[in-house]
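Each protein sequence line maps, in turn, to chains P and U. For what it's worth, the working numbering labels the leading residue of the first sequence as 449, then goes sequentially. For what it's worth, the working numbering labels the leading residue of the second sequence as 168, then goes sequentially.
There may be inaccurate statements among the hints.
Below, a list of computed lysine to any residue pairs in the SDA-like style, where the Cα atoms sit at most 25 angstroms apart [unchecked claim]:
id	chain 1	residue 1	chain 2	residue 2
1	U	K183	P	E566
2	U	K183	P	S461
3	U	K254	U	E241
4	U	K457	P	G463
5	P	K565	U	K254
6	U	K457	U	R576
7	P	K587	U	I1004
8	U	K950	U	L630
9	U	K457	P	S461
10	U	K457	P	G594
11	U	K879	U	A725
12	U	K457	P	G490
13	P	K587	U	G936
14	U	K183	P	R583
15	U	K601	U	V585
16	U	K183	P	G490
17	P	K533	U	A475
18	U	K457	P	D589
19	U	K750	U	R214
20	U	K183	P	E568
21	P	K533	U	L472
22	U	K183	P	P545
23	P	K533	U	S471
By construction, these hints were calculated from the structure, which means they are not laboratory data.
Listed below are the residues making up each chain.
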Amino acid sequence: MLLQVRSLEKTYSRGEETIRALRGVSLEIPEGQFVSIMGPSGSGKSTLLHLMGGLDRPSSGQVILGGESIDRLSDHDLSLFRRRKLGFIFQFFNLLPTLSALENVALPRLLGNESLKEIEPRARELLGMMGLESRIHHKPDQLSGGEMQRVAIARALISDPLLILADEPTGNLDSKTGESILTLLRDMALKTGKTIVMVTHDPKAASYGNRLLRMRDGVLESDETV
Amino acid sequence: MRLFNVFRHIGLSHLKARPARAVLTTLGVAFGISLYVAIAIINHSTRNSMRDSIDAVAGKARLSISAGIAGFPEDRLEVIRVIPGVKSAVPMIEARAFFEGATESADGLQIMGVDLLQEASVRTYKATDQKIIDDPLTFLNQADSIILTQNLATKRGLKIDDKIRLSTALGAREFTIRGLLEPEGAARAYGGSLAIMDIDGARVSFGKENKLDRVDIVPRNGEDLNALQTRIESTLGAGYRVERPETQSEQMERMLDSYQLILTFFSSLALLVGLFLVMNSISVAVAERKREIGTLRALGATRSLMVALFVSEVVGIGFMGSALGCILGKGLAHKMSSQITTSVAAQFQMRIEISHLDFTTSQMLFTLVAGTLAAVIAAFFPALRAATIHPLESMRRHSESSDPAETRRSNLQVVFGVLLLVFMSLSMIFSWGKVWIGIDLLTKASAVLGAALFGPFLVLGLLRLTRGFGAKLSFPVLRLAQENLLRSRKRTGANVMALMVGLFLVMLIASVRSSFHDTLTQWLDRIFVADIMVGSNGRFISGDVQAIQDSILPELLAVPGIKPIGTDRGAATRIIPYYYEGKKMAIKAIDRYADFYRFQNIPVNGSDRVQTALDWYESPEPAALVSRGFLTNAGKKIGDHFELDSPGGKVSFRIAGEIIDYASSQGVIYLDRRVYKKHWNDSLVTVFVLNLETGYTFEQVRSEIAKRLGKKWNLVTISNREFKDQMQSAVERSFAYTRVIETIALLVGLLGLLNTLLISVMERTREIGVLRAIGSTRVQISKMILFEAVIQGFFGACVAILLGAYVGRLFVEYALTEQLGWIIEYHFPKQSVWMTIITGVLVAAVAGIWPARRASGLEITEALDYE
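Chain P on its own, in the form it takes in the complex (with noise of 0.2 angstroms):
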């Protein structure tokens, strides 16, 4: 099993209030699944991302992911466990402002001992794969939405990461764009045999994936194969 969650709690306080936004949540994603979660605002379900991710860490309970308990890491495992393991892909994008297209490519792999020269082969292909030979070295502000957010997935990709964690890759795109993108996703996922968990309150969005999670206040309310 490629991602295990057990038992996942989280809490946040509010001023005086606490919050449980997740309670107990358990599940268990094997390799190659193109995973949709979804749920209204205040379900849970980007805060299970965000656990999953290690970008957070859980009040109680596991996020075993390829055989490693990810909540045991240390900040800085952790770090490099996302660098090597894990690919992002964000609603707002996230590129650098100041690099090109390629340079964010190959960005999580600059950041650890690699020169450009030797991810530049490789961050080429993923972006002509994602339609943007053309655009490798225009910066985001010349890009147009879609384009940064072929951009993102490329990035994401260029680890070869177990899993690639998607945060409502299509909110801030129109229609069209969106449903390119998640074509290109679910191609992805098809032809690389990635795994990939994305969060989204977009029901059309969601039927691009294979399995579908439902959460509402906390808990996982359904899971079901698309």
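Got chain P sorted already, so can you dock chain U onto it with the hints?
Using the frame of chain P, we list chain U on its own:
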């Protein structure tokens, strides 16, 4: 390697993307470094020039004998020559002379009256016409002969056989230049402001008949110097100083220590302001790039890598800034060196001619490394905050909501600032700095850091206080500006900090300057009530004039319109420098004009004025009045006895009282001139103090003195008012160098404000877009940003005045009194208040222009899309 990757691809791209910010920060570092470098160069060169002068004059001599400015009997030379171990003993007369009409010390030159036939055994000279040195008989045969240095001749446009007129003890005399010296050997001394005369001619010209000022000793080979020194001391007895050249250097350097420390302190403050700029710049860069940092963290960047990224961005800035600072600093040193030597001369009665400004390669390398390191340290703390940014920031849309951790940090900063100010206050009041110099430096640094951390809190308080007033104004843009400032405590604090520290420094210096100025004015008004002062030319107020024979007094008193002071008509004062236990003090030998002291205000501190004056004069045993500096340095109290070395031997004086006098910070000793004349065998006078007869005007008397005695004696007559004006301008000149420090601090403050304002405009791009979308004009946006800048400048100045005056008061009343030995009363610099406010507002307005233009130039759609 990883860091290099990250810097090359991320750090460098940010520097390239925002060149203006990189340039501003680099300039901030450069200005801060430049002042530090300038002061370091001047301090270093002053010491080198002093050592060079002492070594050049000493030549091959290993010991020198002197007995103070009044000299010692000529016949002692023969006694010295026969002391076992003395190979040669070469005599010298030393004097200061002034070109006719001189009013500045720069117009003075050091006279060395030497026996050219014996000089070769001690000193070497190289003349443009070597005959004058090798065969000095021609030179000696002509009594008006003088040799100048080539440097001095070039500076004054003189050549061989030209005539020059110098003031001497016998009045103005004409000399003929017989030779010019190359800058080698003894001619290197005193920065070249030097003239060689025959010893006999010098004796006559400078009132030192049958006297010597100095004898240089070359010991026999293999002679034990310590033993020889002891032998000479015991042979000559009390009143003689037998020193090695290096001891003289050390003594003078020790004297300069505290002064140079204050200079270094002020220059360090400017450097500190520059480093604030770096800190601010990185601090706002971290805030601005929060999401980027979150993203990098999410992508696997470690905390240490984030710190390294921000620090690496500063390395280049620190290095470039330091390099530029070195270049600017050299130029600044040229501009400031004469101001500082003037200030040293005023404070220590010690004229140091800086022959050349040294800035060695090792000093430059040290500055480059230290400057870069300081910038890195300044960037380190804000960079640490980058490490604490959570990867979840990558998921958030940028918002300005107040972060509780941020609020906690701000509160902590304020508390820390208050604690630093409390520490600084206690340390100054209880003189903790005396225990260890480190505490002294820490105290001064705490003053600046405390003000920087606590000041923004006060600014925000003032902003809140005036919020109601702003609300009443029907000026929406002003109100909006005020609300913007109040909304982000962190941003406003960062904006105001750099400028406020600059203004704080201005106010601190103004406090010190005004306290000196007003204290001296009050002192002068109290002590100096006579109508006229008469002396030879030179620098009147510091006693740096050519002394003249007191035999001139009857001629002076015969001038119509002159009214003698006191019952016995005596009105002369002799001011001489005197080394007491290695400290350079001043002796003021004053004629008995008891009526003057009985009815006027003798500046006695803490005891009955008239009684003390009478006790001093009427005392059956020799008595003296001494300054606080003397009491502190000598470890004595009123009623104690102390000994002075005179050419006639040791003389014991009873301390009759404490006087306030600013002639020397190390100590001033008032003696009765009768006692002085008797023991020092010196009848020269520095200045005559006289009154005007009723019915005569000052101008009438001045022109009469000039007509009767002026030409012959080269006399200068000045009025009470003129003397006080000279004193005031001397204080101004003493502090002239502080203007440069203020300007640099303000420049760095301006750059700091400009930098943070630019960033704050960038942070609020979307908000500005919204304002434009709902109908604000470009002019309104521009005005809003300018108002924000000006409001911050105004309140920053108000707080700077408050804190500057507070720290200034403590500094003047405790630290300065302690360090300088002068009693300086604190005087609030009223005239600087408006100047500080106007400067603050103007600097802020100038800093606001560019950000205002940038904000008003934003396109609405782009601004709304800005991330």
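Hints, verified against the model:
1. U:K183 x P:E566: Given that 25 angstroms is the threshold and the Cα spacing comes to 24 angstroms, the pair holds.
2. U:K183 x P:S461: It is violated: about 41 angstroms lies between the C-alpha atoms, which goes past 25 angstroms.
3. U:K254 x U:E241: Holds, because 19 angstroms separates the two Cα atoms, which is no more than 25 angstroms.
4. U:K457 x P:G463: Answer holds: U:K457 to P:G463 is near 24 angstroms, not above 25 angstroms.
5. P:K565 x U:K254: Violated, at roughly 79 angstroms.
6. U:K457 x U:R576: With Cα atoms ~17 angstroms apart, U:K457 and U:R576 stay inside 25 angstroms; holds.
7. P:K587 x U:I1004: The hint is violated at about 45 angstroms.
8. U:K950 x U:L630: Holds, at about 18 angstroms.
9. U:K457 x P:S461: holds (22 angstroms)
10. U:K457 x P:G594: Roughly 24 angstroms between the alpha carbons, so the hint for U:K457 and P:G594 holds.
11. U:K879 x U:A725: Satisfied, since the Cα-Cα distance of roughly 16 angstroms is no more than 25 angstroms.
12. U:K457 x P:G490: OK: U:K457 and P:G490 at ~24 angstroms, within 25 angstroms.
13. P:K587 x U:G936: Answer holds: P:K587 to U:G936 is near 22 angstroms, not above 25 angstroms.
14. U:K183 x P:R583: Distance ~21 angstroms between U:K183 and P:R583 Cα, so the pair holds.
15. U:K601 x U:V585: holds (23 angstroms)
16. U:K183 x P:G490: violated (41 angstroms)
17. P:K533 x U:A475: Distance ~23 angstroms between P:K533 and U:A475 Cα, so the pair holds.
18. U:K457 x P:D589: holds (19 angstroms)
19. U:K750 x U:R214: Given that 25 angstroms is the threshold and the Cα spacing comes to 17 angstroms, the pair holds.
20. U:K183 x P:E568: holds (22 angstroms)
21. P:K533 x U:L472: holds (19 angstroms)
22. U:K183 x P:P545: OK: U:K183 and P:P545 at ~12 angstroms, within 25 angstroms.
23. P:K533 x U:S471: Roughly 20 angstroms between the alpha carbons, so the hint for P:K533 and U:S471 holds.
Checked against the numbered hints above, the structure breaks hints 2, 5, 7 and 16 and satisfies the rest.
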